[in-house]
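Participant: Below are the chains, spelled out letter by letter.
2 protein chains.
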Amino acid sequence: MTIRLGLVGVGKIAHDQHIPTIAASPDFELVATASRHGSVEGTPSYPSIEAMLDGPETIDAITLCQPPHVRYDAARLAIASGKHVFLEKPPGMTLGEVAALAEQAADAGVSLFASWHSRYGAAIEDTRAWLAATTIHSVKAIWKEDVRVWHPGQEWLWEAGALGVFDPGINALSVLTAILPRRFFLLDATLEFPENRAAPIAADLTYVDTAGVPVAAEFDFRQPGPHTWEVHAETAAGTMLLAKGGNELWIDGVLKTTAPEAEYRGLYDQFAKLIAAGKSDADTTPLAHVTDAFLRGVRKPVEPFHY
Amino acid sequence: MTIRLGLVGVGKIAHDQHIPTIAASPDFELVATASRHGSVEGTPSYPSIEAMLDGPETIDAITLCQPPHVRYDAARLAIASGKHVFLEKPPGMTLGEVAALAEQAADAGVSLFASWHSRYGAAIEDTRAWLAATTIHSVKAIWKEDVRVWHPGQEWLWEAGALGVFDPGINALSVLTAILPRRFFLLDATLEFPENRAAPIAADLTYVDTAGVPVAAEFDFRQPGPHTWEVHAETAAGTMLLAKGGNELWIDGVLKTTAPEAEYRGLYDQFAKLIAAGKSDADTTPLAHVTDAFLRGVRKPVEPFHY
Numbered sequence: 001m002t003i004r005l006g007l008v009g010v011g012k013i014a015h016d017q018h019i020p021t022i023a024a025s026p027d028f029e030l031v032a033t034a035s036r037h038g039s040v041e042g043t044p045s046y047p048s049i050e051a052m053l054d055g056p057e058t059i060d061a062i063t064l065c066q067p068p069h070v071r072y073d074a075a076r077l078a079i080a081s082g083k084h085v086f087l088e089k090p091p092g093m094t095l096g097e098v099a100a101l102a103e104q105a106a107d108a109g110v111s112l113f114a115s116w117h118s119r120y121g122a123a124i125e126d127t128r129a130w131l132a133a134t135t136i137h138s139v140k141a142i143w144k145e146d147v148r149v150w151h152p153g154q155e156w157l158w159e160a161g162a163l164g165v166f167d168p169g170i171n172a173l174s175v176l177t178a179i180l181p182r183r184f185f186l187l188d189a190t191l192e193f194p195e196n197r198a199a200p201i202a203a204d205l206t207y208v209d210t211a212g213v214p215v216a217a218e219f220d221f222r223q224p225g226p227h228t229w230e231v232h233a234e235t236a237a238g239t240m241l242l243a244k245g246g247n248e249l250w251i252d253g254v255l256k257t258t259a260p261e262a263e264y265r266g267l268y269d270q271f272a273k274l275i276a277a278g279k280s281d282a283d284t285t286p287l288a289h290v291t292d293a294f295l296r297g298v299r300k301p302v303e304p305f306h307y
Numbered sequence: 001m002t003i004r005l006g007l008v009g010v011g012k013i014a015h016d017q018h019i020p021t022i023a024a025s026p027d028f029e030l031v032a033t034a035s036r037h038g039s040v041e042g043t044p045s046y047p048s049i050e051a052m053l054d055g056p057e058t059i060d061a062i063t064l065c066q067p068p069h070v071r072y073d074a075a076r077l078a079i080a081s082g083k084h085v086f087l088e089k090p091p092g093m094t095l096g097e098v099a100a101l102a103e104q105a106a107d108a109g110v111s112l113f114a115s116w117h118s119r120y121g122a123a124i125e126d127t128r129a130w131l132a133a134t135t136i137h138s139v140k141a142i143w144k145e146d147v148r149v150w151h152p153g154q155e156w157l158w159e160a161g162a163l164g165v166f167d168p169g170i171n172a173l174s175v176l177t178a179i180l181p182r183r184f185f186l187l188d189a190t191l192e193f194p195e196n197r198a199a200p201i202a203a204d205l206t207y208v209d210t211a212g213v214p215v216a217a218e219f220d221f222r223q224p225g226p227h228t229w230e231v232h233a234e235t236a237a238g239t240m241l242l243a244k245g246g247n248e249l250w251i252d253g254v255l256k257t258t259a260p261e262a263e264y265r266g267l268y269d270q271f272a273k274l275i276a277a278g279k280s281d282a283d284t285t286p287l288a289h290v291t292d293a294f295l296r297g298v299r300k301p302v303e304p305f306h307y
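Protein chains in written order, with my numbering: chain A, 1 to 307; chain B, 1 to 307.
Hints listed in this document are in silico derivations from the structure and should not be mistaken for laboratory results.
Please note that the accuracy of each hint is not assured.
In this list, chains with the same sequence are indistinguishable; a pair is considered to hold if it fits within one copy or across any two.
To be verified - Below, a list of computed lysine to any residue pairs in the SDA-like style, where the Cα atoms sit at most 25 Å apart:
#1 300 with 159
#2 256 with 109
#3 140 with 73
#4 300 with 188
#5 279 with 209
#6 300 with 195
#7 140 with 160
#8 279 with 211
#9 144 with 198
#10 140 with 258
#11 279 with 106
#12 140 with 76
#13 256 with 77
#14 140 with 254
#15 244 with 11
#16 140 with 104
#17 256 with 285
#18 279 with 210
#19 300 with 197
#20 300 with 155
#21 256 with 216
#22 140 with 15
#23 273 with 74
#24 12 with 197
#25 300 with 198
#26 140 with 257
#27 140 with 204
Make a model of the complete structure from these sequences and hints.
Facilitator: See below:
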């Protein structure tokens, strides 16, 4: 049976990923949107989630892809209306918000899906299996991009309590927690804060896993030109590179990936499975790593950032 | 059967609470200690946990009450040696550390107990039941004390990544998460950092619960004279005061508690039960609230602090 979907927040990520993926999905049908500015041609659109819920369309599930600071209130409303909820990443502003939503979803008997799109990269599962079969000597994630290209004018990213460079960085953490065979935890962190901003523009993170393997991560919003979304590992079986945010696996310089990129198709397949099974998936491990970095990290002031 | 216990970190909290409680417990026998400086008369003492594990005493379980920055390594060793582990609060420096220990304890088949002593206050259970039976209008926790009295010379409290005033404040959060009927999450936070310190000396926290009830918390290390460890609530059934860190329940000015204070007896009873049941209790909700505060909190510089 087709799941009738409402989409909240018709911005860049909705147009780039959600709308084409939903259109191509055998499981979902887009029946309404809610957004202050955006809409989808041929689909009823509302100015708010409240108006969408009051509309005549029957809605089974709702995807939320507005910025995270308004996500909790929308998710609470959707859950209270008995809808299944798909949360873009990050699933909330705090761990407390997500725990509160998970509790409400369980009480209401609906599925809550905290999506981590990078975990659905074409090479993630092969990489996980490949690393599990060898001895890892060291791991390093490098997530660097030009914030002006990827987050043009997104002032909310820089407000107090926002993630700054951890907004893409949390993708790296969602990948590391998916592919590594053991848990890792933070030893040291330096977070670079522009003097005029309340969120970090770069981060240097030193972790170790429970077997003593060093795991590092470098995030930077100031990289001009092409972006870098890569995990490098030195192992007993050779040098591994997981490139393009989880979509290409290279071993000793040879490309091993055969599947095409289809992250959001994977996410919507998973959401449909969760709804069918009556389950939730609200894993907050990547967000917990971010909050740990804010707790432990030394803050270094750097030059102001302006769009 | 008596559980043979090793105690690591023979400092203030060990002498004040653990050692007399273990001596009075029917479940535990103190068979060794490990500490750089402290010891217990009549009990074999070692300079380190490694030396204690190499000693001739048979040890079933280990309590760790050193400062949190050395807790992970000690816990890892204890778990790898097949010992059940009791962690003083906070259970680690980060959420990542505690998740890593929980995974290792599960793999090793030993019990891990993240202790929150304030949850074993004499009035906690009565308070929880009383609040569950009424309508709560507002809640406020006030945890204020003189750091010079309660943490004399403890420089580790002020290092980068340490909890500062959240070291007592996490007791308040462990109480709130135990007595309130619903989850709450952070809306706003101000953390006051002395100009010469890397950890906060005071915090002002604004939460809301999932029913919209306001929950506030104020922590301060600069209170001279008597300390304040209190939760106040306005409710449909009257004004509640949970005083003395969870040990006295007052309703409309009338004392309702009848049980004597016995927090650490409660903790050791729980540890014995977990061991007997082959279970762990590594709840990190109070620590997650602390990391959320470091993520969202606005940092305000205040005058330097010196012991």
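Participant: Which hint numbers doesn't this structure obey?
Facilitator: When the structure is compared with the hints, numbers 2, 13, 17, 22 turn out to be violated.
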